[in-house]
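Novice: As a plain string of letters, each chain reads:
4 protein chains.
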Amino acid sequence: MGGVRFPAALRQRAAGVRLLALDSDGTLTDRGMCWDDAGLETRRFDVRDGLAMQWAVRAGLPVVVVSGRLSRAAGHRFADLEIPDYQGAQDKVAVLERLCAEQRLESRQVAFLGDDLPDLPALRWCGLPLAVADAHRLVRAASLWCTPSPGGHGAAREAIEAVLEATGLWNKVLERYGGSP
Amino acid sequence: MGGVRFPAALRQRAAGVRLLALDSDGTLTDRGMCWDDAGLETRRFDVRDGLAMQWAVRAGLPVVVVSGRLSRAAGHRFADLEIPDYQGAQDKVAVLERLCAEQRLESRQVAFLGDDLPDLPALRWCGLPLAVADAHRLVRAASLWCTPSPGGHGAAREAIEAVLEATGLWNKVLERYGGSP
Amino acid sequence: MGGVRFPAALRQRAAGVRLLALDSDGTLTDRGMCWDDAGLETRRFDVRDGLAMQWAVRAGLPVVVVSGRLSRAAGHRFADLEIPDYQGAQDKVAVLERLCAEQRLESRQVAFLGDDLPDLPALRWCGLPLAVADAHRLVRAASLWCTPSPGGHGAAREAIEAVLEATGLWNKVLERYGGSP
Amino acid sequence: MGGVRFPAALRQRAAGVRLLALDSDGTLTDRGMCWDDAGLETRRFDVRDGLAMQWAVRAGLPVVVVSGRLSRAAGHRFADLEIPDYQGAQDKVAVLERLCAEQRLESRQVAFLGDDLPDLPALRWCGLPLAVADAHRLVRAASLWCTPSPGGHGAAREAIEAVLEATGLWNKVLERYGGSP
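Protein chains in written order, with my numbering: chain A, 1 to 181; chain B, 1 to 181; chain C, 1 to 181; chain D, 1 to 181.
What the hints contain is simulated information worked out from the structure, not anything from laboratory work.
Just so you know, not all the hints are guaranteed correct.
[Stated by the list, open to error] Just some of the chain A residues that point at chain B, by a computed CB distance under 7 Å:
1. ASP25
2. GLY26
3. LEU105
4. ASP116
5. PRO150
No residue lacks a Cβ here, since even glycine has one placed at the ideal position from N, Cα and C.
Modelling step: build the complete structure from the supplied sequences, incorporating the hints.
Specialist: Below is the structure:
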């Protein structure tokens, strides 16, 4: 893992990204939904995804989660990362349009990473539609790039590194850890 | 994942399916049963399986879970999906026969997806016996089709998409997300 | 999975097995030990392993768990299966010798399935030493047979099916589900 | 798994190791961070990693965990193993230098096993930088050796066995289980 870059044909488009939106279930998780006898749900996230979300924000690239389901478990994770989450979004495009209006962005400046059919409208709407490695066939078909790793196992990390690299922010992240080797 | 269809020889049979019955442990889960120190059990389900179960119901194809074990954890999941579950079914065929009588269906109109030996009688009884990719050898032998994905990792999703496609209901699902590409 | 048999050279030895002893962590689990913020542990077991343990007992082949660690979580699982468990066994051979004395068995009538170095003395002592697919190299070297599946993902199920088949009890299990196809 | 040794060119360097430091998330875990509805976190560890950590300590090689995040769940695991953990270490090198001063060691006598960019400074500082199989590309590049197994699935076990073997302590471990075969 690591060192993933967009192909040359995509880099210019990716360089213009000013907002990175991520689906949650199947994108930041490996699709697993755990329930216990008491009805409590658990979600599993990837530590490297979270780290990259924080890097992006500190480097100046806002990251948001836009998810169709409401999960308190996921909410705790996003609060811990201090990443804004829009859960229970029946219309993901509406959420993204509102965010764009607030931040004076256009849809072409938004990257969206998703995995399943409910992500299709947002993928068709945004400027840089991205899919996790194990996304549904129709989601991959609607995306310009697929991460090498599946959802919940580093897909978001790879997408974020690739966007940071294309936008020229990746070296800022590396400096924090002693710079490029 | 996605785009899975029945082979031509099975499509006519699948087109007649009016009830889809699913085993739980090993079919909707990856066979994992988690226990904590306090004796609480946890089950892991796949978000895409659940979404497809809801699509099927909304498109007019009833889905039920028929499981040999009683699991409160699984019960919470099925309640969340609003899918009827018949847990603790020592005789799965008896449950299915009762459902058929209530819904005026014949066994040939029922598809059953399972993974292990307790599913054999239901698979032999129903019209469209299906097995998950990692089903027991004897279960695969008793089935007409195996899903590409293993239990708990999209097997039910694939079976549901294939049945919806064969029954002509798949496009109804796609319309919800902006139609076929 | 399924249909696993011992090679011809092992079948006579396996036919004499009258007690099947299983390690827990790494053999009945995939080596995972989960801890939460409150200090509660969780263990993950395989539903098919548990089913086979119950089949063996009902068919007349006693099954016991002999484990070096004490885990209340695992204890709940074994209680649910009604399988005797000897946890916290610093000397697994001593436990097995006591069981043999009680049941008037000899060590050559005992099969042991393990995965790691603490299982070595029991494997060297018993008549049918078995290792899970992902056992430590020295454990595999000390065993006469390795299961195709790794620990916690069906290894115990395969070992039990193979022993039941060699002891002539497998058909008794199949009869319960409608007999051999 | 098992029987992993350092290549000849590394054995002399490894023979001088007197302190083994391990990262936690992604190294002792498979990067998974689980959250439940109540905000409780869970971490998954590998039973064989923990066993090896205890072997090393008993054989005379101190083991410590140096982690950037604070996790009470992980703390319970390390307390159970009686392994000192330095969590929430924003500067891992500072922690290691303090430990070296206390134990009158030099950085060349320290091995560090890590997986992600926050481990880079410690890897560049220590005498034996090691990476898990699924480490980030830049971490692998900064390490002299990669474990065959990924983090949380035996990577630490392999690193510890290799260090114990190079330092001549491995036979001491084997004697506990009846000696070398």
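Novice: Determine for every hint whether it applies to the structure shown.
Specialist: Hint check results:
1. ASP25: holds, 4 Å
2. GLY26: Holds: closest Cβ of chain B sits about 6 Å from A:GLY26, inside 7 Å.
3. LEU105: violated, 22 Å
4. ASP116: holds, 6 Å
5. PRO150: violated, 10 Å
Checked against the numbered hints above, the structure breaks hints 3, 5 and satisfies the rest.
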